[in-house]
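Participant: Sequence:
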Amino acid sequence: MMLMLTRGVQSMHPLAAAAAPSATTSGLLTPIAMIATRAAPAVAAAQSKRTASRVSSGRMKAISDNPSSLTGGLLRRHFSSTAIAQASSTSSSSSASAQGAVPSVCDVLILGGGVVGSSTAYFTSSRFQPRAPGQPPAAIAQSSSASNPRVVVIEPDSSYASGATARSAGSIRLQFSTPENVLISQFGAHFLKNLNSYLKVDDDIDFKLHEKGYLFLATKASAGVLASNSAIQNSLGAKTLLLTPEAIRERFPYIHTEDLDSGALGLENEGWFDPYLLMTLFRRKAIQQGVQYVTGYAIDFKKDSTGRRVERVVVRLADGSVTEIGVRSNVVNASGIVGASLTAKLDPSFDLPVRPRKRFVYVLSLKERLPDNCPLVIDPSGAYFRPEGQQYICGMSPPENEDPDCTDLEVDYSMFENTVWPILASRVPAFEYAKCVNAWAGHYDYNTFDQNVILGPHPNVSNFLLCNGFSGHGLQQSPQSGGRSASSLLTQSSLRSTWLDCLLIDSSTTCLFSK
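The opening residue of the sequence shown carries number 713 in my numbering; numbering runs sequentially from there.
Think of the hints as simulated: they come from the structure by calculation, not from any bench. Among the clues, some could well be false.
DSSO-like cross-link-like pairs, simulated, lysine-lysine; straight-line CA separation at most 30 Å [claimed, not checked]:
hint, residue 1, residue 2
1, Lys951, Lys932
2, Lys924, Lys951
3, Lys920, Lys905
4, Lys951, Lys920
5, Lys1079, Lys1147
All chains, please: the whole structure from these sequences, using the hints.
Facilitator: Following this line, the structure appears as structure tokens:
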């Protein structure tokens, strides 16, 4: 592969990006390598101490064979009754717009109705255009009707049960190594804190950002990268505090620090929230603004005589029938893990470097809860944990050579028992007696090139907009990416800006992905 980089490099596990033990000469992070070093002698010692509380292998097999014995519905996430009520109101408040007859033509057709697609639908239908991070957008009214929808979203799973959004760990951070990602999440945090200004339909939205921060832990090998990244973040207005091991123990006495050199704690605009609720609120507001959601999936594209514009999209509907939807303006590919295969149908010569990668989230119960100030903690190995209601969730990405393309949703409990659990128990003694009471799997639309979103028009088909490859960042980046996509769609302008350039695809990067 040629290294004609106009894009920034933001490699690594999306939760562990600032804690790598090695760096490139530019100070940015190298690809996933550190996770292979996660098994230390202390981990092995901790593992041997937990046999009394270990979930038996028979129990693990029973869970694995029958995941529904634990999940009990949509993942048994800790959604509040208020959140569920708000989510349920989507269908009751705007069912006509959502479930109307399939239109024969529309202006903008969005493939994928998860959080990124629904954000794009919301911003496009309201003609909101985000300003600089931290500043609210201005609204321009637009008319739309069920018979002539301006924006249509094609989504195969109307329940969203198998989609990446509902299965996300639901978090946001500013601790990235590239300025662009810091700025994108700054706008995301602003958006989350001001949802009523953007997404309110009737009653006020009850949405909670648990602003407890991210705590990245670093050994001596990775401390330089952590400090460099913190300097970048703080120069852009983030509040990242570097901590000595003594300062870590003072704030979080339950964390073992003997092998640590430093830590980095985000003091604001970092934490976690309900991902399913955010997606539903985007969808509900978009529907109120005239967006039509159609249950189905794209199976083919018909281009004009030049071959450079999509004229019609062939869609298989939920009942198995096939229809075509004409496109007056643009098609947006926000289809997550199937984004590359859809792009290949459109243009086999262009290899979008986005692949499906499976990730596991394990739910743990502790005998004694950690203090209420517990942040989302990232171990130097890449393993993470954070509070989730009265319990905790945890996980980590596997080594790159053990991370194949994968589309199933089977949970690997051995990864928790043999890898994640020993790491957490060596870092926080309270986890020695943790019990895994639930788990689920989800997918990243993983950009194998640099783990950043690929945003911009297809190089060979001008009205086909790519919004793919978030690599685990899609939830937190959905407000900015949806807004930027909408701005380009509505003004027919370039996505170029003074600070987003390295995340865009154009003629200078096309050669990287051509077959």
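Participant: Does each hint hold? Answer for all of them.
Facilitator: Now for the hints, and whether the structure bears them out:
1. Lys951 x Lys932: Answer holds: Lys951 to Lys932 is near 22 Å, not above 30 Å.
2. Lys924 x Lys951: At roughly 13 Å apart (the allowed maximum being 30 Å), Lys951 and Lys924 satisfy the hint.
3. Lys920 x Lys905: The given pair, whose Cα atoms are some 8 Å apart, holds under the 30 Å limit.
4. Lys951 x Lys920: 20 Å, holds
5. Lys1079 x Lys1147: 9 Å, holds
Of the hints listed earlier, there is not a single one the structure fails to meet.
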